[in-house]
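If you read the protein sequences in the order shown, they are chains A and B. The numbers in the first sequence follow UniProt numbering, run straight up by one, and end at 1095. The numbers in the second sequence follow UniProt numbering, run straight up by one, and end at 157.
A portion of the hints provided could be inaccurate.
[To be verified] Derived lysine-lysine pairs resembling DSSO-like cross-links, with alpha carbons at most 30 Å apart:
1. A/Lys226 x B/Lys45
2. B/Lys45 x B/Lys30
3. A/Lys168 x B/Lys133
4. A/Lys357 x B/Lys133
5. A/Lys84 x B/Lys18
6. A/Lys98 x B/Lys45
7. B/Lys43 x A/Lys379
8. A/Lys137 x B/Lys109
9. B/Lys13 x A/Lys94
10. B/Lys30 x A/Lys94
What the hints contain is simulated information worked out from the structure, not anything from laboratory work. Keep in mind that this is a model prediction, so the values were computed, not measured.
What follows is the residue order along each chain.
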Amino acid sequence: MLTSESHIFFVSLDRRKESVTSKVEDIRSLKSFGYLEDIIGLAIEPAFIVMALKKVKGNFERIFDKNMTDLVRGIRNNKDSEAKYIAQCIEEIKIELKQDNIAVKANAVTKLAYLQMLGYDISWAGFNIIEVMSSPKFTHKRIGYLSASQCFHADQELLMLTTNMIRKDLNSQNQYEAGNALSALACFVSPDLARDLSNDILTLLTSTKPYLRKKGVLMLYKIFLKYPDALRPAFPRLKEKLEDPDPGVQSAAVNVICELARKNPKNYLSLAPIFFKLMTTSTNNWMLIKIIKLFGALTPLEPRLGKKLIEPLTNLIHSTSAMSLLYECINTTIAVLISISTGMPNHSSSINLCVQKLRILIEDSDQNLKYLGLLAMSKILPTHPKSVQTHKDLVMRCLDDKDESIRLRALDLLYGMVNKKNLMEIVKKLLVHMEKAEGTSYRDELLSKIIQICSQNNYQHITNFEWYVSVLVELTRVEGLSHGELVASQMLDVAVRVEAIRPFAVQQMSLLLENPYVIFGLSGGGSSRASTMIQVLYAAAWISGEYVTFLPNPRSTLLAMLEPRTAQLPHNIQSVYLQNVLKILAHLLTHPEPTPTPADVPQVNGEVPAKEGSEDYEPVEEQNESKELNLVEIQEKLKPFVSSEELEVQERASTLFNIIKVYLKLAGKQELNSESFGSELVHFFAGDLNPVAPKAQKKVPLPEGLDLDKWINDPPSESEEEDDEEVDSTQGVFVNHGTQSMAEFYGKTEAKKTYQPTEEELQKQRETRRMEQELNPHYLKSSSKSSPTKKSESDVPPIAKLELNVPLRIPGLASSDKYLEEASKSSSKSSKSKKVSGSKEKGKKKKKRKHGADDENEEEERKATKSISPEPEPIHVVSTAIEMPEGATLSDNEDSLLPENDPHRALNIDLDIPLEPSEVLPVPSHRKTKKSLDPHYITDNNHHTKSKEQPAKAPKSQNSDEHPEEPQKTKESSKKKKKLKKDKKNDHEPLPEENGGDESTKTKKKKKKDKSEKKTSSKHKKSQNSEVNLMLDSLEEDSNLSSKDAYYGLISELKAKNYDRFLTFWSNYFDQNHSRYVILYVQQIRGSLKGKSEP
Amino acid sequence: MMQFMLLFSRQGKLRLQKWYVAQPDKARKKITRDLVTTILARKPKMCSFLEWRDLKIVYKRYASLYFCCAIEQQDNELLCLEIIHRYVELLDKYFGSVCELDIIFNFEKAYFILDELLIGGEVQETSKKNVLKAIAAQDLLQEDEMMDSILREHGLI
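Extracted from the complex, chain B is given alone in its bound form (with noise of 0.2 Å):
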């Protein structure tokens, strides 16, 4: 199972973090400081795993952006990398070609889409397609919302 996930940029400034197993604040901030240093001194060349503690890291440098899990010992890096990739891919689609402004500015749609796509750590759907459909439904929801709200407020409907 999945433990945390972080994003963050080159310059070691966190973009997204999601704890699946319930960490203090302290511990939380000083496992960030710690493995994002660790990462950004590897060089580019080096293969994108690492034992850490008890646990597994798996890291990913796509663009600007480090994608880094934590993992159990028994868990499959490959697979975890797998689910990295579809991660990036989600994003991609949904952003249309994403880049790092995309989320920081709209870091609840990236969460929103992780939440899609994991749940406690674990993978719940492996469809694309599937998770970008509501992703999408859920989106719509709001809009309509929105404008209902609007139209309410004023007396339209």
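With the rest of the complex left out, here is chain A (with noise of 0.2 Å):
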């Protein structure tokens, strides 16, 4: 019999089943046989002992080891069945978890744990975690922690079953547990947890061992984040720490501290001489660099720090070897350097010195240390543009190396490396990358950055405009970007802001919108390739209709808009197509006579001079036959769009199609010429637009009486009100057509825009623009009458609608080159240059809403464009206008320093002021233990559950130590009328409670009595539940825990009322290996707590 129960077990081993759970039956069976007694009975000589105790140690080994060996091999083995096979064995490690071998339970928490890792939901077997956690042997406890701190989330109720078996492990004379204790609780530490356990955490940084110290410091943080009442009674005890003889744990101080400081750097200030001795003692690059970098945190506030800092930082930086250091100290240098004030000679050494090394770094082969020494780069550019801008040539070479983030760096170095000299060099070299580079991400990142370049502080560094649009256009050009919005704005910026250059844009505008097709590869199909670069047409068509008097040929341009193929154009660009239509209809209108220069037209918008109609009469009456035909073809065309899907459109477009059919029935009937009906379409786009203050909307003041949460409909007779302040403003509006009252609209500053200029003024301007054009050997000339020699070199072909897939060279399409290329002409002739004085450009920068001295600026400007200085001049004004209301400022500064949701805020605490007897941290107090003990227990809370009516007593009673449970039992019952979740927290630690500063914890009180209230809503439910007390307290007195049907029939009758003093209870219980009821018991009742809360 004996043999074959033997031969039964190596076979099953031999097969390995597949669950654990038969071959512990197995096991169980052998050993009820006395198997093994008989192995060792019949064993004489030790060697054999030996033997077969390393065979049986062995089996077990393979029977619990082997199987997290079998799960692995099992995933391995199954690829294609992955998910069903872990179901499988989850189903497995279910079974298992429900033994009672610990052994075997802490074997499937580890299967738990790997299959966690792969992202399987383990949070269902917090409980068994736990059990194995709460484990005496080692082997599980190590296991389980590692589980929990893989799984377990602060804000899980599981954890506070925790804390007293966390507490005993911390304790443990083992270092190794609390070790293990410690790691797990950095990963889960909740609020609660922090405050339980921080005086314990506390006490462990006056241990023997450093290996304990050392931890207990680390810790330390994780606690201040969640509890940060604990920040300032634990501080001292950390101090001391910073000179702790071992290393180990001096430099996890000095991490703790260069953690908190670098949140809340102005507390730690009174720290920096203790700092200041260590760094220049300390060998352990380790703690320098935490060190150097809580100096990086601190000089910004202190000034004369730095001062200090600087001789030793450059030393080390002089000594050091290790990259690390030496990029630290490079680092915390910059920062020293930033906060001290400049002017101070010495310190243009040290950051000569800095760049020096940082060049080093950057021209090192190793990619990081490239990447690094850019990144630093960056840093000083702000403050030290000029020692950056020596190593340009460095920087170049950068954007030509192989690693995409290498060159994104140094792109960001580009922006401060840019002047009025070299930034159409350097942009012609981002457009030629953008051609080499592969992968459509880099390329929008190239194409933002060189916008970002040109338009950094109001275009300061552009000088010609007309290059800038040429590289806008050029950018249209390029293949697959997703910047179109990008390009199209700042089209949109430039024309609005840069009055000059609006013929020139409008005129490109206008090839562009001549020659869509060819220019963005539409095919017929629609829009594919290029899909958010033809955003670029919406900026196009604005310009062009706002800027109509530039127009070189309206008429081809309207047409060439109304194309049926615009119909295939996203909805938004076709909306503002007809919008544009109609006002280079009501230009056409109110101007017959054939295309004017841009040249001949005055700058503003609005009326023509009376004088230039009347000259080439002849020619009005000829256009103004072709037009009539033209209007009914546009209505013919506009049909279409009447009918489009999408609303705007449509809108629009019947909008212009009945303004053409009054104008027809009209001009039929005699009744209006062309021009009055024109003149009167054209008042509807009177008046400049400027670009709006991007926080503008917000400075609006609300207007009094008005309340936006209101109901608009409710009640109806406040509606009327509003409905007569409507039809007041519309009056003012729309009733009086005059330009005055418009101008009143949009306010004083428009009035002042609406300047007519003199005669003489014109003149002026016609010369000095001729004389620009001259200077200017490649300027285009938009019209036949230009002088021939004016022409560009390249014969230009006659424009040819070609539908053609692959992008032309349109003529008259403007290349950036060749202001380059002028640029470096004129640069050659720069010896000539006269002194331009800085104080020009002062005043335009400064100039805001001074639109009647803009014309005179530009004046001065175009002199000036003729002499070119080695800082040459822009040609072009950028306008810095920007409307907001009416007393409103432009702030940005509204975001404070740290994030709302950062826990450092909390930790934003004065630490030298010394310590109220008040601050200490709340210490446990093992209720369980003491209370067996004290003969008066029941007695006491019997008194206090009568009296529970008074509620005074409590916060008097609690500082007295003498009986420590007396207080807590008293506020115990006091609390309990209130809330009694808060029961659990009494239980533990009276403190707290009474201390009332934490912002966190009351507010979580404040969740907890609300989820509370419920249950402690009547009278009743009380009393019920100080029986429940009652029941609990003597079933505390009770030491038989294995009375089984006690405790049912107490859950029956507690159904969860009292579910936390319940939890808290069993908690205890965790400890002493009733686990098993613990889980039990718990689940019971929050089984019956979802069954409550359904209903």
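Once you've looked at the hints, go ahead and assemble the two chains, each given alone in its own frame, into the complex.
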């Protein structure tokens, strides 16, 4: 019989049955048959015993450990049906977890930890993990804590079961048990745990074992984050650890203080001398890096500290061979130099040292160092642009690097390297890069960088906006970019803000409008390739419409915009097209003469001087006739848009359609001529449009009596009032058609903008413009009128509407290169340059809304461009005027230093104020043990539950140390009336309650209060609860835990009325190997809670 | 402070994950997926740093395994690389020329070593010797316990 059993045993091992369960069963049966005893009984020689033991041990290991390996192997072998296999494994694990054998459970938990890593949810096994954690065996503890650290979250209710167990382990004789508990706690510490265990962790700092001191110190940081109240009481001890004899502990303390100080530096300034000493004496690079980082955070607050630091830092930079330390030193030196006001002569040497070292880093073959060098350079750039600019060659070289992230860093640096002289050259280089670059994301990055570089500081570095517009137009031709809207908004911005560029911009835009299919590579099938770049047409249409006076050939542009293929464009572009068709139409009606050259047209929109019309009377007639034909044609072309599926397009199209209809009708009756109708239309578009400040809407003051939260239609009486107001305002806006009232509507600034230049000024303008053109050999004339000598060198073929997919060179479309050539030519002429005072430039920058002075300024501007100084003067002026409601100012600093949800906000605590006696860490009291010893316990409790109607007692008795049980109980019963949920906390530690200073606990309490309100709503329930409490009390008295029936009875009685106290009660038993009961009951209670909350 | 550490293979299989800042499971999965794809897409000659959300990612490849850490903006990237290297050295010493399979089959040991090196995202022990000593001591404890329990189970002591 014996042999057959043993045979089964080994066979079962060899076959390695699917589940552990069966194996364990096998072992049990073996044991019951006395198999092992027999073997040992047979053994006479000790060697045999050892062998047998080894064999048994091996078998044991195989049974349990192999299983983890089995799992891994199984997963690897079932690659096709992994999910199915794992589901099966989880089922097995569930069975294993139901077993009594803790070793089996531990093994199951190990497997769970592995599955968790693979991404499977194991939160359902939380109780089992706690069970394994609570095992007295180190092996189980170790794996239990590991699993807990992997899958527990700080917001789990489960965690409160662990408090006592972790406390016990922290105070364990075995330092590794404490170590494991700390490692796990660091991952899932919750505010409750932090509060309850803060004192225990602080005690670890006085441990004799450096291993524990070190871990304790680091753990404190996590505690502070979760329980900020601990910071002040614990800080003195932490500070002591800076001088710990063990370097590891010392380093840990530096770590923690560094982390704290980085977020709230001003509270740690007083520690600077200690750290300074440490920095100059220590040779531990790990610690030095942290100290230096800490100084980097402190120096912005205390420039004197920075001055003191420079010397040791430069010494370190010179001496160290560790790159990480060198990098940290450079970073901190930069921070120091930024904080010290400039002008100190000896600091230029240290900045040069930094830049020099960075250059070495950048030139290193190690890509990582290169990257970091560039990164650090970009930190120096804002304050010391000159020293960085000397390494332009290096940065430009990095632009050609193979590594994209390095190129991106170099691009960041370029931003600060451009100036008026080299901007064109650099942008040219970037454009070349763009052609070569693979991958659209890098191209996109390049494009946005080009725009960023050019547009920085209100286009500070751009001297010639014709060049910039050409660059933008060139960018539209690059394939596959996703920043179409960015380019479009730049075009709009430039056209709106640089008045002088409008003629050129309009000319370029009209080319874009007339040749969209060539430029954007649109095939007949619609937008596919360059879907976002098409947005540029939006800007093109708007600019052409808004500044229609500069259009070289309004009619052809208008017709181009109404091409049938427009209907394939995105809807927003279609509607802009239609709106601007109307603008162009209005212009054509008022300006019937053949297209004027931009130079001949006054810059201001609006009415045309009457003289011009009379001069060219003859052509007007002709034009008129052809236009009427056109109008019918236009009407025809509008028809598809009128039936567009997009509402906006449809509406605009029908408006336009009907306007033309009305006009044709009136014209047919000879009741009005085109000009007067046109001028009526022009009124719709009178007045300049200015850019609006980004936050302007926020600054608009709410009109009195307007409540945005009110329902518009409710109550009816109020809505009537509002209607009245509306009528008033519409009268002001729409009834009076005169320009004057329009100007009034747009505000006073508008009135200045409709300023009409005198004839003299116009003459002057024209002259200067001509001169400018003469200066510019490549200037393209938009019309044939201009002298042939100024035509561009390339022979321009006639415009033919070719529908090709290949982007062609479009005649007249400016190329940015020629401006670059021009610039290089002119710089060679720079010897002639005459001095241009900087005051002009300043004046320009300052001018805000001084539109009256604009023209004068531009005059000066143009004169200035005749002479090219080494720092080229801008040809065009950027208007910085932006629309803002009256009385509002631009303010950008609205966000505070730390983000709202940063836990460090709560840690902004002054540490220099001496500790108050009330500021102590909560001290745990082990209720369970003391209670059973305290003979007065029951009577006390009875007394309090009876007198629970008198709540005032609680706070007074808190501080008495003689009977620690009493105050607790008093408080407990008094609070019970208000919120049962709090009981749990009261049981454990009364102190934090009375502190009351902690925001986070307060809010938590609130939440809990809300939750518990349901339960405590009626008095009847209260009395029930007190009964339950009494039962619990007597239960706690009863040491016989195994009387199961009593507990079941109790639970049915409880029905989760005092869930928290119950949980706490049980959690105390957790350490005593009654975990199974705990889990059973807790689960049962949770179930009944769920049942309650559902209805 | 280190926010999390991930180990994954060239095939994108996760081999180890350690989170020092609480994240819901969903977020963890998303972050992992994002980073694994981004890093695997990078060419070998590229530098080891990435700007990612408001964090910096530092990664390094050792044989078939990628070690990837997320650190805060002000943290020192080179120091982080140093930590990764230290961890690899420790694994190597412990397993004896470590390979990916060692970590797969002894994943808990890999975690234990990491826990001795870092706690709560901070370096706790810079000496390799000390870390290995602590691990060895704990392994010994486990072995003793195992022996003890077997003997006890069968009434030998």
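Comparing the hints with the structure gives:
1. Straight-line distance between C-alpha atoms of A/Lys226 and B/Lys45 comes to about 41 Å, which puts the hinted pair past the 30 Å bound.
2. This hinted pair checks out: B/Lys45 and B/Lys30 have alpha carbons roughly 26 Å apart, not beyond 30 Å.
3. Among the hinted pairs, A/Lys168 with B/Lys133 is consistent with the structure: their alpha-carbon atoms are about 24 Å apart, no more than 30 Å.
4. Proposed proximity of A/Lys357 and B/Lys133 is contradicted: the alpha carbons are some 39 Å apart, above 30 Å.
5. With a C-alpha separation of about 26 Å, the suggested pair A/Lys84 and B/Lys18 falls inside the 30 Å cut-off, and the hint holds.
6. For the proposed pair A/Lys98 and B/Lys45, the alpha carbon gap of about 52 Å is over 30 Å, so the pair is violated.
7. With a CA separation close to 27 Å, the supplied pair B/Lys43 and A/Lys379 stays within the 30 Å bound.
8. Simply put, A/Lys137 and B/Lys109 have alpha-carbon atoms about 17 Å apart, close enough for the 30 Å limit, and the pair holds.
9. Simply put, B/Lys13 and A/Lys94 have alpha-carbon atoms about 26 Å apart, close enough for the 30 Å limit, and the pair holds.
10. Of the pairs offered as hints, the one joining B/Lys30 and A/Lys94 holds, with about 28 Å between alpha carbons and a cut-off of 30 Å not exceeded.
Comparing the model with each earlier hint shows violations of hints 1, 4 and 6; every other hint is respected.
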